[in-house]
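Q: Just so we're on the same page, the numbering used here is the position in the sequence shown counted from 1, plus 60.
It is possible that some hints are incorrect.
[To be verified] Label-pair ranges, simulated between beta-carbon atoms: (1) Gln95 - Gly132: 17 to 27 Å; (2) Glu79 - Leu105: 36 to 46 Å; (3) Val97 - Arg75: 43 to 53 Å; (4) Gln121 - Gln144: 14 to 24 Å; (5) Asn134 - Glu102: 29 to 39 Å.
[Claimed, not checked] Here are the simulated PhoX-like pairs of lysine-lysine, each with C-alpha atoms no more than 20 Å apart in a straight line: (6) Lys126 - Lys140; (7) Lys126 - Lys141; (8) Lys143 - Lys126.
Because the hints were derived from the structure by calculation, they are not lab data.
Since we're looking at a predicted model, the values are computed, not measured.
From the three backbone atoms N, C-alpha and C, an ideal C-beta is built for every residue, glycine too.
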Amino acid sequence: MKPHSTPAAPLEAERPLRESVNRALDNYLTQLDGQTVTNLYELVLNEVEAPLLEAVMRHTQNNQSKASSLLGLNRGTLRKKLKQYDLI
C-alpha cells in the first residue's frame with residue numbers, strides 16, 4: 061500500500077507566465093511597505109525584457125533572424141534592444 065501524499069505545489073515552469081508575473085509584482089508591492097514608487101511600468105519592462113531577450117537568444121543559439129521572428133520584432137529593433145541591455 062502506497063502512503064498517501066499531498067499534491068505538490070506546481071513548479072514555477074508549470075505555472076502560466078501571467079500568474080508568475082502577478083505573484084512577483086504582488087510580492088514586490090507588498091515589500092514596499094508604504095514606500096513611494098514611481099516609474100513602475102519602466103521598471104517592470106526593464107526587469108522582464110532583458111531576461112526575455114537572453115532566453116530567446118539562447119533558444120535560437122544567438123541567431124538574430126530567428127530571434128526577431130520568434131519575438132515578432134524587426135531585426136533592427138532586436139539589435140537595438142540587445143545593445144541596450146549589453147547582450148551583444
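Q: Are the Cα atoms of Lys126 and Lys141 separated by 20 Å or less?
A: holds, 15 Å
Q: Please verify whether Lys126 and Lys140 have alpha carbons no more than 20 Å apart.
A: holds, 16 Å
Q: Regarding Val97 and Arg75, is the given constraint of 43 to 53 Å on their beta-carbon distance met?
A: Taking Cβ atoms as reference, Val97 and Arg75 lie about 25 Å apart, which means the hint is violated.
Q: For the range 14 to 24 Å, tell me whether the beta carbons of Gln121 and Gln144 fit it or not.
A: holds, 21 Å
Q: For the range 17 to 27 Å, tell me whether the beta carbons of Gln95 and Gly132 fit it or not.
A: With a Cβ separation near 36 Å, Gln95 and Gly132 fall outside 17 to 27 Å, so the hint is violated.
Q: Taking the beta carbons of Asn134 and Glu102, is their distance inside 29 to 39 Å?
A: This hint is violated: roughly 22 Å between Cβ atoms.
Q: Would you check the hint for Lys143 and Lys126, treating anything up to 20 Å between C-alpha atoms as holding?
A: Satisfied, since the Cα-Cα distance of roughly 17 Å is no more than 20 Å.
Q: Range first: 36 to 46 Å. Now tell me if the beta carbons of Glu79 and Leu105 are that far apart.
A: violated, 19 Å
Hint compliance for this structure: hints 1, 2, 3 and 5 are broken, all remaining hints hold.
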